[in-house]
Amino acid sequence: DAGITQSPRYKITETGRQVTLMCHQTWSHSYMFWYRQDLGHGLRLIYYSAAADITDKGEVPDGYVVSRSKTENFPLTLESATRSQTSVYFCASRRGLAGGQETQYFGPGTRLLVL
Amino acid sequence: KNEVEQSPQNLTAQEGEFITINCSYSVGISALHWLQQHPGGGIVSLFMLSSGKKKHGRLIATINIQEKHSSLHITASHPRDSAVYICAVSPYSGGGADGLTFGKGTHLIIQP
Numbered sequence: 017d018a019g020i021t022q023s024p025r026y027k028i029t030e031t032g033r034q035v036t037l038m039c040h041q042t043w044s045h046s047y048m049f050w051y052r053q054d055l056g057h058g059l060r061l062i063y064y065s066a067a068a069d070i071t072d073k074g075e076v077p078d079g080y081v082v083s084r085s086k087t088e089n090f091p092l093t094l095e096s097a098t099r100s101q102t103s104v105y106f107c108a109s110r111r112g113l114a115g116g117q118e119t120q121y122f123g124p125g126t127r128l129l130v131l
Numbered sequence: 223k224n225e226v227e228q229s230p231q232n233l234t235a236q237e238g239e240f241i242t243i244n245c246s247y248s249v250g251i252s253a254l255h256w257l258q259q260h261p262g263g264g265i266v267s268l269f270m271l272s273s274g275k276k277k278h279g280r281l282i283a284t285i286n287i288q289e290k291h292s293s294l295h296i297t298a299s300h301p302r303d304s305a306v307y308i309c310a311v312s313p314y315s316g317g318g319a320d321g322l323t324f325g326k327g328t329h330l331i332i333q334p
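Chains A and B supply the protein sequences, listed in that same order. Here the first sequence is numbered in my numbering, starting from 17 and rising by one per residue. Here the second sequence is numbered in my numbering, starting from 223 and rising by one per residue.
Calculated directly from the structure, the hints in this document are not laboratory data. Just to be clear, a hint being listed does not mean it is correct.
As the list claims (entries may be wrong) - In the DSSO-like style, the derived pairs of lysine-lysine whose C-alpha atoms are separated by at most 30 Å in a straight line are: (1) K326/B to K73/A; (2) K275/B to K326/B; (3) K326/B to K27/A.
Source: prediction; values computed, not measured.
This is chain B alone, in the form it adopts within the complex (with noise of 0.2 Å):
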C-alpha cells in the first residue's frame, strides 16, 4: 500500500507569498495528482503528472520519480487561492488494484 505524505498540514500566508506544497509518497506509481477542494465544495483536478514540471497560471507542479516527491507552488498568492490542497497517487497500471490513495491534504489560507 503506497504512503502518501504532505507537508505542511496547515499554511497560512500573505497576500503575494510565494506557496510551497510538498508531497512524498512510497512505492512506485504511475502518475501523481494534485487537487484542489475549497470548503464545504468539491474536488477539482489541478495537474496529474508522471514527470517533470507543468504550469497553470499562476501554479506550478514538479516531481521527482527518483525521489518519490513532488511540490506545488502558487506564485502571487490570492485569497481565492485559499483551500484544502490535495496529492494523489495512481498505482502502475496490470498491478491489479486501482484508485487514487490520497495525502491528507494541506489547508491554505491566504490572507489579505
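Here chain A stands alone, though its shape is the one from the complex (with noise of 0.2 Å):
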C-alpha cells in the first residue's frame, strides 16, 4: 500500500529553469493539495484539486501551475524557478466526504533548491 508519494524527493535547480514536482496517490481520494513550507511562515497552500480537471489556487499560487487529468496525479510545476520558490513542498490528500471533515494525509515532502 504506497499511499501518497512524492519525487523526486530532493531537488536542486537554477533560476530560471522549469521544474515539475510529482505526487501520486493510490487511494483514488477525490481531493488533493500543494503546500509548501518555509521558516517564519509555516505551511502555506499553493493550489488544491478537488477532482480531475477541477483546480483552485490558494494562499501562494503565484509562479505555480498545476494540472490533474487522473486522480491520482497532482503534479506542480514551476515555470521559471526562483529563488523565493526555495522551500519544502508537501502534497496532501483526502478523500473527499461531504462537510469536509476529515484527515489530510501528507507525502514525504520535496526539498527544493532554487540557486
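With the hints as a guide, bring both chains together as one complex.
Structure follows, in C-alpha cells:
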C-alpha cells in the first residue's frame, strides 16, 4: 500500500528553469493539495484540486501551475524557478466526504533548492 | 482569512512532565487538526476534531468551538515526543475555499 508519494525527494535547480514536482496517491482520493513550508511562515496552501480537471488557487499560487488529468496524479510546475521558491513542498490528499471533516494525508515532501 | 496562533513557539521540558500546547483561530471552522512533524520528516495527522475531546494513548486534544480555542496535551512525556506540533484548521465546506490553514508550529524538546 504505497499511499501518497512524491518525486523527486530532493531537487537542485537554477533560476529560470522549469521544474515539475510529482505527487501520486493510490487511494483514489478526490481532493489533493500542494503546500509549501518555509521558516517563519509555516505551511501555506499553493493550489488544490477537488477532482480531475478541477483546480483552484490557494494562498500563494503565483509562479506555480498545476494540472490534474488523472485522479491519482497532481503535478506542480514551477514555470520559471526563482530563489524565493526554495522551500519544502508537501502534497496531501483527502477522500472528499461532504462537510470536509476529514483527515488529510501528507506525502513525504520534496526539498527544492533554487540557485 | 483565518488566523491561527499557537503557543508556545518553543517548549523544553523534562521527561515525564505534562505538556500543553495551545491553538486559537479567528474564524469559524469545520474541523481542527493537530499534526506532528519530526525533524527532517514528514507530517503525520494526530487528531481531527470538531467538538469535545479525543484521546489516543498519551495524547489528548480538546476544542472549545465558542472560544475558538484548542489544546493538545501530552501526559508522561518522553524524548520520542520531541517534534514540531502544528495546529491547522479546515474552512467551512461550501464556502468556495478548501485546504488547511496552519499555525507556525510548536517546537517541543523533551529531555531525558
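Taking the hints in turn, this is what the structure says about them:
With a C-alpha separation of about 21 Å, the suggested pair K326/B and K73/A falls inside the 30 Å cut-off, and the hint holds. Taken as a hint, the K275/B and K326/B pair is honoured in the structure, with Cα atoms around 23 Å apart against an allowance of 30 Å. A C-alpha spacing of about 25 Å is found between K326/B and K27/A, which places the hinted pair at or below 30 Å, so the restraint holds.
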